[in-house]
Amino acid sequence: MSAVAPATEAQPLLELREVHARFPSSAGVVRALDGVSLTVAHGETLGLVGESGCGKSTLGRVALGLTRASAGEVRLDGIELTALRGERLRQLRKRMQMVFQDPVSSLDPRMTVGQTIAEPLGELGVVARAARPARVRELLELVGLPAAFASRYPAQLSGGQAQRVAIARALGVEPELLVADEAVSAVDVSVGAQIVNLLDDLRRELGIAYLFVSHDLAVVEHVSDRLAVMYLGTIVEQGPAEQVFRSPQHPYTVALLSATPAPDPAQARRRERIILRGDVPSPVDPPSGCRFRTRCPIGPLAHPERTVCAERAPALAPTPAGQLAACHFAGELVAPVLGTAALEHG
Amino acid sequence: MAPLLDVRELAVDFDAPGGAVHAVRGVSFALAPGEILGIVGESGCGKSATARALLRLIDPPGRIVGGSVLFEGRDLLTVPAAELRAVRGGRIAMVFQDPAKSLNPVLTIGRQLAAAMRAHRRCTREQARARACELLADVGIADPQRRVDQYPHELSGGMRQRVMIAMALANEPALILADEPTTALDVTIQAQILDLLRRINQEQGTAIAFISHNLGVIAELCHRVAVLYAGRVVEMGSTEDVFRAPQHPYTRALLGSLPAPGAAARSRLTPVAGAPPVLTGAPRGCAFAPRCPRRIAVCDEQDPQLEPVRPAHLAECWVAQAEAAAPAAGGLAS
Amino acid sequence: MSVGAGSVAPRGGWRRRRAEALAASGAAVGPGRLALRRMFRNRLSIAAVAVLGAIVLAVVLGPFVWTADPNAQHLNLAVAGPSSAHPLGTDTNGRDMLARVLAGGRVSISISLAAVLIAAGVGALIGLAAGFAGGLLDAVAMRAMDILLAFPSLLLALAVVAAAGAGVVSITLAVAIPNVAFFARIMRSMVISVRERDYVLAARASGVRRSRILLRHVVPNSLSPVIVAMALVFGLTLLDVAALGFLGFGIQPPQSEWGTLLNDAREYLLTSPVALIVPGLAIALTALAGNLVGDALNDAFDTGR
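As you go down the protein sequences, you meet chains Y, R and D in turn.
So the first sequence is numbered by our numbering: it starts at 1 and just counts up by one.
So the second sequence is numbered by our numbering: it starts at 1 and just counts up by one.
So the third sequence is numbered by our numbering: it starts at 1 and just counts up by one.
In short, the hints are calculated from the structure, not lab data.
From a predicted model like this one, the values you see are computed outputs, not experimental measurements.
Here a beta-carbon is modelled for each residue, glycine too, at the ideal position from N, C-alpha and C.
Hints may be right or wrong, so weigh each one.
[Claimed, not checked] Pairwise CB distance ranges, derived in the manner of DEER restraints:
hint, chain 1, residue 1, chain 2, residue 2, range
1, Y, P24, D, A284, 48 to 56 Å
2, D, R212, R, E307, 55 to 63 Å
3, R, E307, Y, R270, 27 to 35 Å
4, D, A47, R, P17, 48 to 56 Å
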């Protein structure tokens, strides 16, 4: 459970229970999400991290009802999304919004910035037509763009500016939950930092909860209260961000942290790297039992007697360190991680 | 020791209606044999244009408008085409960002490797195939005999990039130019590829020019680093020096934008405000001045040059140079 | 199989910086106007548009300026060369060629234009419905289009004219119908591609209604290839209309169009080539101009999607 969840809010803002998402493909049925459960409390930022094919983007879309879950429950403030259709689901969008990875392509090239931001205001009946231009100006100011930008077209915006416009559009309806799907991955480092600062400011001013999906561990750790690590459609570790970062329990998290390059040459030379072998298995035919066993540095590859890894899929269970991890041998693999080294010469 | 690659005042323009865009405005750096040099910068700084210009791979509307690229005693910008072809893929090999786009989807891996070899030497098909299997094994691809007959789509992203590296190694180059080779790969796969490049550098002594926007990767892999901004090198030195004690305000801002792992949670990142300039016309003064927190009067008027501010550590900044010249006197106040 | 998509190198480079700088200087131009500007920068495009424009203007206004009666026969002046009274000479029946070409042009061009508009309109609607809805509707619509495409266009046109007679309406429909499938396919593939774009998903996520997504996002962004196709099909349709006329299935006298003019002059090729050459040239020139305009539009729309 999150250490920062206000004691008074018993009901989480977003709750996923045993969600499965399966898609047909030419190679077979892709099991993008296989029994995922998580919660996001009001005003909390949950970071979702993993590599390609882990299902984190699908999770973001299922959370918003953009993609239908094949099984399981998705609840927004207690309201069951999977039972809603059409108009009722659409109206719920006032409370949850999304920002996408590629900022420029998430804006219609034929509409001006002002039109794009005003569109949800009209469609969801949040702001009357006469009041919309003023609201658009307000929103542009909120995201740090000059009011004159309202007449620009997406092709005339930089990546950072386009992302701010996308954020302004999402904020117009005053949502309680914002899913940021790789929101800073496709922009430059310094622009990404500006966006992260912006999201942080907005969180403080408006109390928005974030589901922050990213492959970049450093960014995710910086913004999140809690962190969930995904691998091949399942959550393998979940807990308070700093804790997961400082003492990861699942071998995949350890490997991921080890592989993330840190902009510190001294540490880079000193650090023992754990390099995983091979590639991620296909989500059409994941390994039996624990999905990570085909690449795990402490699994059957290294210890052939550990047959339990192939026989039984480990459940997400509490570990002595505090957070949840899905591993039969949680906490066994330890490597010097970024946090501790940074403290040493900080 | 004479440098392997000596680039001097390289300049590249791109013609566009409304005036030429000066993407590279006098870039100079040198690469020693067996060294890994990182070239880092954000988008639009000219790093990709620089990389391509080294092998004269600039297509219209781009043109190389000045400078020299001295490699093994010859200026690659002026050698005849036949000689340049021998260098490309032979003495200098290139690895690009997206392996999916750089490999021909209708040819098997083996044939593409063989083509890379045959372009520079004579060998029979059997010899080419044997060498291809050798190369695949060298880059860590398991079961090379089977893989050599597969098509690119049958391989994962990480494996495709390994194949690209194998192609680069086919003719035992002295230098590998890698343009964002791991940007499109997952973190754990990236770690594998960086490990591979490190091994190649250590075992075969191949020099690498590694272009990237990812500071972490540069810190992991490179011996020395050159920071590019608005078409010029603004700082250059050993990786340790540049990361530990950045001299140029832009480098400092760049490092400040990175979330430091383990730092106090939710501490504010300190990126630099604004955006890089458009490079048309003739800018006066330092290109970074409009965004620089340490700007002084001379910055707007005169273009600083790349000068040493510490041993083997150069920076192109009036303030940094002044401070280096008179540190005890406090230098010019910022 | 993981297709390694760790991070994406940020878009940037000198092109985007220039676009930003231009925008900063106050020139906020939408993609539509930008395409038009691009088109008029190319000399060939300007020429093609000018030629097509001149031809259309000529046939529309011509009969008011050159008031000679296209059907008046002056048998004493049969097959005369160009003269001040008859700038393009006369045909075998002494009728003024210039007047005939202008009158015929009106008919040819208006039939072609109408046919293109009908084919594009109907075809685009079918393609839109099929592409956006998918499923059974898509399957049924596309099979119907496949059947339509199975017939050679001219034979189909002939069949329609044979069945419905050779009036203006039936000829227009006859040349329009075979092209419906073409437009439907183009529109459908654009719609399918646009449907998957990020901004459509973003619109859904923002709470935009499906109907508005269709009208405001999908349709405007799918139209460019359809517009290009219209220009190209115009030329082809003109040729089809002329072919019908040439084969004797076109407009019946006293109305004439370029194809029927060709037909009339067929027998006298060796004795009075003028009567054959002039309408033939008119057809060729107009079709060519139409194609070039289509090419120009294609280039104009192509950059910066």
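Now for the hints, and whether the structure bears them out:
Between Y/P24 and D/A284 the C-beta distance comes to about 52 Å, which sits within the given range of 48 to 56 Å. For the pair D/R212 and R/E307, the supplied restraint of 55 to 63 Å holds, since their beta-carbon distance comes to about 60 Å. Remark: the range hint 27 to 35 Å for R/E307 to Y/R270 is upheld by a beta-carbon distance near 32 Å. The hinted window of 48 to 56 Å between D/A47 and R/P17 is violated, with their beta carbons roughly 20 Å apart.
Hint compliance for this structure: hint 4 alone is broken.
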